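S.K.: Residue strings, one per chain:
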Amino acid sequence: MSSFRGKTAIVGVGQAGLGEAHGLNAYDVMAQSSLAALGDAGLKLSDVDGFFCAMMEDLMPGLMAAEYLGIQPAFIDDTMVGGEYNRHLSMTQWSVVPHL
Amino acid sequence: MSSTGPDATYRAGLSEGKINIQKCNDCNKHIFFPRVHCPHCYGTSLEWREATGDGTVYSTTVVHRRPERGGDYNIALVDLAEGVRMMSTVGGIAPAEVSIGMPVTAYIGDVDGAPGVLFELREQEKEVDQ
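Residue numbers (the numbering used here), protein chains in the order written: chain A, 1 to 100; chain B, 101 to 230.
Everything labelled a hint here was simulated from the structure, so no lab data went into it.
Only a predicted model underlies this, so the values are computations on that prediction, with no experimental measurement involved.
From the three backbone atoms N, C-alpha and C, an ideal C-beta is built for every residue, glycine too.
It is possible that some hints are incorrect.
No farther apart than 25 Å at their CA atoms in a straight line, the calculated lysine-lysine pairs in the BS3-like style are these [as the list claims (entries may be wrong)]:
#, chain 1, residue 1, chain 2, residue 2
1, A, K44, B, K118
2, B, K123, A, K7
3, B, K129, B, K118
4, A, K7, A, K44
Stretch-level coverage of chain B by chain A, calculated; a stretch enters the list once three of its residues show a Cβ under 8 Å from a Cβ in chain A [what the hints assert, rightly or not]:
#, region
5, 104-118
6, 195-202
Sequences and hints are given; from them, build the entire structure.
M.R.: This is the structure:
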């Protein structure tokens, strides 16, 4: 694991507002935050080749979320483990670092 | 409470008897289901247009169900004239009689207690059949 240190970085972060989101559904909010994160990183949806997501409203959102966004990533992971954010980050490292 | 989300706007349209779908101002393609951005060009400038309702069956199947629960029903993927695809049901004829390529027209009916888009054989086709 020590070989992973310093090899990956979070390069964009996005939020879709906090608090009430009248009329928006969970996928709308997810899309807004995804677009914000990509904009933060200076990337586009067409640059996305791996996709991790989780939400409370739909426990298997991966395919629907990719369909909503209009992307066809090579890798999708929508595993929900209660702490999936950390797991998604570590899975991203495992996906990327061996190929560097 | 004002509804500003795309899905809420779509459903509000159905309640008013209109099938409104989004059109991208950047690439001019129609999109469905409702979204906050265009899945084709990723633009975020979308406007609402009322669909003509004309469609063509892209694929069809029959879901079998006990007669006491309402009997067999049709599930179809319908391509609208605007270029978007909807999953719905074609009524008015036997579920197994729906076929790929069949011209259909949308109407708004009850779907599980809320207004939803349903399809029936397009009018001129009915006359030809008779």
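S.K.: Would you mind marking each hint as holding or not holding in the structure?
M.R.: Results for each hint:
The hinted pair formed by K44 of chain A and K118 of chain B fails the criterion: a straight-line CA distance of about 34 Å is larger than 25 Å. For the hint pairing K123 of chain B with K7 of chain A, the CA-to-CA distance comes to about 42 Å; that exceeds 25 Å, so the pair is violated. Of the supplied pair hints, the one linking K129 of chain B and K118 of chain B holds, its CA atoms being roughly 19 Å apart against a limit of 25 Å. Distance check on the hinted pair: K7 of chain A and K44 of chain A sit about 22 Å apart at the alpha-carbon level, within 25 Å; holds.
Residues of the region 104-118 of chain B lying with their CB closer than 8 Å to a CB of chain A number 6, which satisfies the three-residue condition for coverage. Coverage of the region 195-202 of chain B by chain A is violated in this model, with 0 residues showing a Cβ closer than 8 Å to a Cβ of that chain against a need of three.
Consistency with the previously given hints fails for numbers 1, 2, 6, ordered from lowest to highest.
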